[in-house]
Amino acid sequence: MLSASSRVVRNRSKGETISLGGFNQSRSWNTWILAAMASVPVMLLRLHATTAPVWLISEFIVLVSLTAIVHSYRDRSLRTQGIASSESSRLCWILSGALLIITPSIHSYVQRRLLGGPGEATELVWLSMLQYAALWQAAIAKSSRDEWLSFLLSCFLSLFGVATSDRAYMIAVVVPFGLFASWWLLVKYWQSVSRGFIAKSTVPLFAVRFSIIGISLFITSLIGLLAWTAGSSIQALDGFMPTSGGKGGSDPAARQGVGDGDMLVAAKDKAYSFGPVESDLFLESHAPSLYDLFSDLYGEPQKPNKDRTRTIALANETLGDQKHGSETKQKGREFDTLRKSPDRKMESKPKGNDASCLLHVIGESPLLLRQQSYDFFDGRTWTHSEDVHHDRTNATPSLIQLNEKPWIQVASYGEEVTWGIRDRVTVKIINLKSDRVPMPSSTTHVHIDKVDQPDFLGWSKDGQLTMPGHDFIPQLTVMHLLYKTPTLHRLRLQQDSVSSISHSTSATSGRQSWLHRYMELPASTVDCDAMIDRLLESTPAMIREKWTKWQTIEGVVQAMRRRIKIEPSAVPPEDCEDLLSYAFETEVAPDYLVATATACLIRSLGVPCRLATGFYVRPERYDARMRMTEVAKEDLHTWLEVYCHGTWIPVEPSQGYAIPREELTWSQFALESLWWCRTWILTHPWYVLSWLLGIVFLVVWRCSIANVCISALLLPSLLFPIRIHVVCALWLLRLRCWLAGRSIPRSSTIAKFLKQELQSMRSLRQEETHTFIGYVQRIAYAKPSIADAYLQQHDLTVKRVCLWILVYGLVSPLSGDRRSLMGGSPLQTQAV
Amino acid sequence: MDLSVERVQSVLKGLRGELNRVLLGKEEVVENLLACVLARGHVLFDDLPGLGKTTLAKALATAIGGRFTRIQCTPDLLPSDITGFNILNQKTREFEFRTGPVFADVLLADEINRATPRTQSALFEAMAERQVTIDGEAKLLSKTFLVLATQNPVESVGAYPLPEAQLDRFAMKLRIGYPDRKSELELLERSSAALEDSVAQQVLAPGELQTLQQAVARVGVEANVREYLVNLAEATRKNPAFALGLSPRGLLQWQRVSQARALLMMRDFTTPDDVQDVAVPVLSVRLSGHGGAVDKAIESVLNSVPVPVP
Chain A
1 MLSASSRVVR NRSKGETISL GGFNQSRSWN TWILAAMASV PVMLLRLHAT
51 TAPVWLISEF IVLVSLTAIV HSYRDRSLRT QGIASSESSR LCWILSGALL
101 IITPSIHSYV QRRLLGGPGE ATELVWLSML QYAALWQAAI AKSSRDEWLS
151 FLLSCFLSLF GVATSDRAYM IAVVVPFGLF ASWWLLVKYW QSVSRGFIAK
201 STVPLFAVRF SIIGISLFIT SLIGLLAWTA GSSIQALDGF MPTSGGKGGS
251 DPAARQGVGD GDMLVAAKDK AYSFGPVESD LFLESHAPSL YDLFSDLYGE
301 PQKPNKDRTR TIALANETLG DQKHGSETKQ KGREFDTLRK SPDRKMESKP
351 KGNDASCLLH VIGESPLLLR QQSYDFFDGR TWTHSEDVHH DRTNATPSLI
401 QLNEKPWIQV ASYGEEVTWG IRDRVTVKII NLKSDRVPMP SSTTHVHIDK
451 VDQPDFLGWS KDGQLTMPGH DFIPQLTVMH LLYKTPTLHR LRLQQDSVSS
501 ISHSTSATSG RQSWLHRYME LPASTVDCDA MIDRLLESTP AMIREKWTKW
551 QTIEGVVQAM RRRIKIEPSA VPPEDCEDLL SYAFETEVAP DYLVATATAC
601 LIRSLGVPCR LATGFYVRPE RYDARMRMTE VAKEDLHTWL EVYCHGTWIP
651 VEPSQGYAIP REELTWSQFA LESLWWCRTW ILTHPWYVLS WLLGIVFLVV
701 WRCSIANVCI SALLLPSLLF PIRIHVVCAL WLLRLRCWLA GRSIPRSSTI
751 AKFLKQELQS MRSLRQEETH TFIGYVQRIA YAKPSIADAY LQQHDLTVKR
801 VCLWILVYGL VSPLSGDRRS LMGGSPLQTQ AV
Chain Z
1001 MDLSVERVQS VLKGLRGELN RVLLGKEEVV ENLLACVLAR GHVLFDDLPG
1051 LGKTTLAKAL ATAIGGRFTR IQCTPDLLPS DITGFNILNQ KTREFEFRTG
1101 PVFADVLLAD EINRATPRTQ SALFEAMAER QVTIDGEAKL LSKTFLVLAT
1151 QNPVESVGAY PLPEAQLDRF AMKLRIGYPD RKSELELLER SSAALEDSVA
1201 QQVLAPGELQ TLQQAVARVG VEANVREYLV NLAEATRKNP AFALGLSPRG
1251 LLQWQRVSQA RALLMMRDFT TPDDVQDVAV PVLSVRLSGH GGAVDKAIES
1301 VLNSVPVPVP
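Sequences listed follow chains A and Z, in order.
In terms of the working numbering, the first sequence opens at residue 1 and continues consecutively.
In terms of the working numbering, the second sequence opens at residue 1001 and continues consecutively.
Don't read these hints as lab results, they were simulated from the structure.
Heads up, a few of these hints could be off.
What the hints assert, rightly or not - Listed next, the in silico SDA-like pairs over lysine to any residue satisfying Cα-Cα at most 20 angstroms (straight line):
#1 Lys783(A) x Val1309(Z)
#2 Lys1238(Z) x Arg746(A)
#3 Lys755(A) x Pro1310(Z)
#4 Lys1139(Z) x Ala1215(Z)
#5 Lys142(A) x Lys1238(Z)
#6 Lys1238(Z) x Ser77(A)
#7 Lys188(A) x Arg167(A)
#8 Lys783(A) x Pro1310(Z)
#9 Lys783(A) x Ala1215(Z)
#10 Lys1238(Z) x Asp75(A)
#11 Lys1238(Z) x Ser143(A)
#12 Lys783(A) x Glu1184(Z)
#13 Lys755(A) x Asn1303(Z)
#14 Lys783(A) x Ala1223(Z)
#15 Lys1296(Z) x Pro745(A)
#16 Lys783(A) x Ala1217(Z)
#17 Lys1296(Z) x Arg746(A)
#18 Lys1182(Z) x Ala1297(Z)
#19 Lys142(A) x Ile213(A)
#20 Lys450(A) x Thr487(A)
#21 Lys799(A) x Pro1310(Z)
#22 Lys450(A) x Pro468(A)
#23 Lys755(A) x Lys1238(Z)
#24 Lys1238(Z) x Ala1297(Z)
#25 Lys783(A) x Asp1268(Z)
#26 Lys783(A) x Asn1224(Z)
What the hints assert, rightly or not - Here are the computed distance ranges between Cβ atoms for each label pair:
#27 Pro1306(Z) x Arg800(A): 26 to 36 angstroms
#28 Ser221(A) x Asp1295(Z): 28 to 38 angstroms
#29 Thr1133(Z) x Cys92(A): 47 to 57 angstroms
#30 Gln1214(Z) x Lys783(A): 11 to 21 angstroms
#31 Val1230(Z) x Lys142(A): 49 to 59 angstroms
#32 Val1230(Z) x Leu796(A): 17 to 27 angstroms
#33 Leu692(A) x Pro1306(Z): 38 to 48 angstroms
#34 Ser58(A) x Pro1306(Z): 32 to 42 angstroms
#35 Cys92(A) x Pro1306(Z): 42 to 52 angstroms
#36 Leu1252(Z) x Val175(A): 52 to 62 angstroms
#37 Pro1306(Z) x Leu803(A): 36 to 46 angstroms
#38 Pro1306(Z) x Lys142(A): 22 to 32 angstroms
Think of the CB as a built atom: it goes at the ideal place given N, C-alpha and C, for glycine as much as any other residue.
Work out the full structure: start from the sequences and follow the hints.
Laid out in structure tokens, this is it:
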């Protein structure tokens, strides 16, 4: 290990240096890099907990950059002035460091004031302060002792980060730190050895090598052990770590810690205000039902004109249910798209979280939780037939054991659609009064604490999970749902996906008729093909021709999202006959109208689809402290589900609502990205061409363009005294040199530099060049009186040369300047 | 005595002309030699025999209107052979001081490394203090006293290399080197036409050299140039190629030679160009290293320190 590293140990008494793999040249940078590496786990912890990641990343970048600048400055000043520093400068460093270190707490306070919420947890703020202390210590380190202190702080931060996190990627972050820390120790050891011995050369000894390897192995093993036992270490450190309660001590800002029990304890007293915890407290409530909420949000359905005859096919079974069933079921059979504008006065401010919240959700957001679906649209009202539930994926609920807990398997999905990893969401019923389980489209398993009877759940006629025998799901019921996220890659990129959809449709049309209702269009529907053509008019025909069916659907949905703005109050007039045309013409509509219009368009493509209503889990409502998302009545939402390969895939046509997530592998993502790029380029050819031309122009003529711009910017300097003018001209010449790609050696004097640069300007005479150089030299290296006296004699010449330097970039912008700069002999050869 | 700008310009032009006429094709050597003379420094010629060192020394002495003496250093040379000695006058029965060659304006010490260290030390007192002490009595030398010493870098048998402390007394180490082809042709042509070597003419009037040396001391060195000099000196001390860094005495000498260089360029302020131009001859005499690597190391030092810019 040591023999592989380059090392030179020389006689220190003769002023020679020690070099170990280049470490001596940037010794203090190593410590800073180590501190920066140690700050990554802390930042990851903070990022995981924060609600304002942009703020946090900005703070991190600014402060780390600041320490890097301070370190660079400090390094240079130590090199030029030695290690002696005055008391005032030391005090200045201490005060600056203190200010930097307390920045996280200030940031947390400001964030709390501006953004609301609990802000950052106290222990994370402390960790951040320690992190910046380590960085600052490394930045201003003057002696080996300072570096050791920073090193120890870095080690503590790194170990603390990995010990308090149970995330796998933390190991990937900390292991490089461990290796670098070992290397740092190795360097320190060699430096200490070299100070103790005077040697011309060294021979690595076994003992030295053994100790270094031993230390490295020990640190790596320790980190590995901590990472391996990250989960149990939280219990092991009970009483030492910040706690969120449950066992006596409680930090109000703590979000996670040993004895995490406040929620469980307090839920018994104040059940409404806490997130989903396993509890058997099923409390009753008088909260409004889902269907009361529809009326509150979307307005009451308008009564049909007396002279209009409407027929809604309702089966006798349904009628029976309506007679004897719960009120919620009776209202769930139809959804009118012609509604009154919602009465905003009815929207009262919630009295508290308890009153407004319908659900608590732990899991990903945004997420669509379906509660109801409709298959038939008559041009005004969506309804669901009672006899069309033939979704083959919805199996009879059965009980299985997952992780030693009883789960009710409610559905199984085939492999026609590629599925991503299985996700989990936890839903707690708060004020929702419905017997239907709000769930993602592809829910496969349900777990309710202590429920081990599969018949506890059943399917409704429209393919929704219900709780048979209950009028509504009891309040505070916590349901864990496992669901799959579809991967649409195959549908999107493979041509046979068109035939797949058609095939399933045609097959079922022959054998079963239940899908027909999902494809029927109302009689009054306008020409959907023409509408689709209008929507996709910006897409060239050559691209549309190659689209698969699914891509066509996505194209339509995207066009709808772009075209129609969502406004709940933009309801169509009472006498509106054609809701579809209305939505297109006004380009402002409620989400249910947009979904309805999109459904008509998709059905016109021969693809079955249905309207789904339920809840949209908004990411904006995520409560970082409680680690859950509240769902209120304002989150009621309407979207679509498209039938494909035996399953219903959610589609979001409403602007402002996130498109349902899909899982893609890296290769799929790359292919999709390439496809997207290709499509975008083909749809915006002139845009791309102009950009390409612009980039080529900028790249080829970048020097000249920069030259012209800067020369033009510096022209106003002519209004200032000649001394400023000369300095500007000198700066411009240096910049031109840099733009031309020639480095100016540090040892190049002004005279040498100017002589070469001004010679390239052929219009300047030699005497003028000498005069200008003489004046610049006097400005730089002589007393002002000498420069002024010289200027009095050569005023006109100096001004002329200055002006010419500025104007030269403007009059010879494209070729001459670059040639002259590039054609000159390298300055390096003239430096000495 | 003050000299007008025109007179300074004239005498400097005259000095250059005379020396370049004698030593053909070596303008840079002449410039450095003049800078050293104006800076009141001593010069060590480290070069092979027969390249014109003695001729140049004689021409310089003549041009500045000073007295020229020459010592051929050998191992049996005694300090009194250089400084002079007291001798008993048989007639007056008193000791009389018999001056040595050190009492001159330009002293050429040929092959100085062949003299014993004791004799070398006697010369170095004269160089540093511009005085000699004989029998406890200090005797002042000429105010424009200048030593041009030579040493042969090839023949090292029987030589006493000058230690670093003594080398530090010299302002510069110059190498004349072989002339170019054109200069050698001209040299041959000139020698065939005349029996005697070309002789330089006196340029400076008595006291004018001293006035010029005082003018050099008045050439301005601004703070940024002084800082540049200090940075360079620190860089020599940190550079592992040198056994020893530049001493403060060497730094002072460097600044003074840079000022002289500025005066030669008819400027009343010093620039980093002046500092860089004289860097190699000034540093090579006092920064001992490994042969030709010294010049490269000096270049690396110059390249490592940024030049002050406005």
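Original post:
Among all the numbered hints in the text so far, which are the ones the structure does not match?
Top reply: 4, 7, 12, 18, 19, 20, 23, 28, 31, 32, 35 and 37
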